[in-house]
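2 protein chains.
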Amino acid sequence: MFEVIGERINTSRKLVQAAVADRDADYIVEDVKKQQEAGANFIDVNAGARIGHETEDMKWLLDTIQPIATVPLTLDSPDPAVLEMAFAMVEKTPMINSISLEKERFEAMMPFLSGKKCKVIALCMDDAGMPNSFDDILGRGRKLIEELNKIGIATSDIYVDPLVQPISTDTNKGTMVLDAVRNIKAEFPDVHITGGLSNISYGLPQRHIINRTFVTLMMDAGMDSAIIDPLDKKIMASIRTADMLLGKDDFCMNYLKGVRAGAIES
Amino acid sequence: MFEVIGERINTSRKLVQAAVADRDADYIVEDVKKQQEAGANFIDVNAGARIGHETEDMKWLLDTIQPIATVPLTLDSPDPAVLEMAFAMVEKTPMINSISLEKERFEAMMPFLSGKKCKVIALCMDDAGMPNSFDDILGRGRKLIEELNKIGIATSDIYVDPLVQPISTDTNKGTMVLDAVRNIKAEFPDVHITGGLSNISYGLPQRHIINRTFVTLMMDAGMDSAIIDPLDKKIMASIRTADMLLGKDDFCMNYLKGVRAGAIES
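Keeping their order, the protein sequence lines are chains F and Z. Residue numbers for the first sequence follow numbering that gives the first Met the number 0, beginning at 0 and rising by one. Residue numbers for the second sequence follow numbering that gives the first Met the number 0, beginning at 0 and rising by one.
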């Protein structure tokens, strides 16, 4: 089943930042409930945007969200101290967002993750920056999986993010990531593939059609998770429809449920 | 480049049938021009619906369309005599729609096609009916290609139609055809894959989102042509967008052209 990581609780979003600053719990609770109703399988929580306040904001957000969370949380921070606190507060096995091969982040995250029971998003990023080729994505994904396996994280708990880049900068940015995902899944059938999608359409008009066409192609290649806004009915419709067409929706039940809920828009 | 076979000039469509019965050339000319402007690469011409009138209707349609046709025509009839007449009337190398492995059609079409310079749609149908499995599609596609090669039709002039069937009847009807198309293209890289798409969504609500998601998946599998209504902006938008994302649109030129022409709808 495709897993949606709901991205809305992020203090870089203006209304969320205001709600966090004002300690407006109702706003946050309402938003999380809506994401869950729309089909989010994880709720991402990122409190990084108010500089100097991340620890207290994350604590308040988790205190606010935990009582009404029916799905696990994705703890989204580069700071192991914030993550240690957050990890102790959650009830369901969380997902950690994220580790990468950038030296500083890698060295900070490995001791935190070591021996922990959690899922983790692994970004195909290193100190050279974004991946520039099929080989970059495949090599970095493989390296991350191998390193995480060594510290006790099972491949089935790893969500590789190949880092989608704008097609407007290079005609091959789509096939590069599609081919790499297909190869990672062939080499590691148990690994998950996730990531944001909207970078693909950066710099182009009518971004929505690009994003939803791309998620369809990515699902065909093996992507089984995405970090998106679950309230975006068009993306969600493409995901539910592709899931059905790829043979993962017995008797079209989820699709029909989505239509009845008004969540399938052409 | 993806090739669109415009399906609108078909006497089974009520307004076209009326225009043909009334010999209303303006209606037909206008429709063909619109299909060409929308990006049709072939114009399908089917005069089969008025029983007993196919020969004269096809002749009139070709007399009407030929002078304004900027693209080749797809001659759509099961009757070799009608096709012989039509073949002699067209100026550009036509596409023939269609041959299959059904004994009667196969034996009628092979002598007609033998030695002719044309493209041909090859349906994966035999006397047992629609394909029931991956192996049916692959085996029938292979057989058709081999038989057509024997009478001088190059693989690059063959358009295999795997015969899309409703996902509502069987959860695996999508993957069956996607996998088969991928394998046919691997075995015969020069062959084209075409077909109608709308059968996939038969019996389900919100058919449009299903059809456009499916064409995206089919293009990823290797479909490089479809028999559709080029005036359907949503399907055309999905096709142009998938072409771009699959690396076949240098500098996103066709996509941007489509946006400017108002032909990209999310």
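Don't read these hints as lab results, they were simulated from the structure. Fair warning: there could be bad hints in the mix.
These stretches of chain F come out as covered by chain Z in the derived footprint (C-beta under 8 Å, 3 or more residues) [said to hold, decoys possible]:
no. : region
1   : 93-99
2   : 161-174
3   : 248-257
A few chain F residues that don't get close to chain Z, going by computed Cβ distances all over 10 Å [stated by the list, open to error]:
no. : residue
4   : Asn-9
5   : Arg-12
6   : Lys-13
7   : Arg-22
8   : Gly-47
9   : Asp-62
10  : Glu-103
11  : Asp-135
12  : Gly-138
13  : Leu-177
14  : Thr-212
15  : Asp-228
16  : Ile-263
17  : Glu-264
Here the structure is a predicted model, which means the values were calculated and not measured. Even for Gly, the Cβ is constructed at its ideal location relative to N, Cα and C.
Next item on the list: Could you tell me which of the numbered hints above are not met by this structure, giving the numbers in increasing order?
Entry: Of the numbered hints given earlier, those the structure breaks are 1, 13, 14, 16, 17, listed in rising order.
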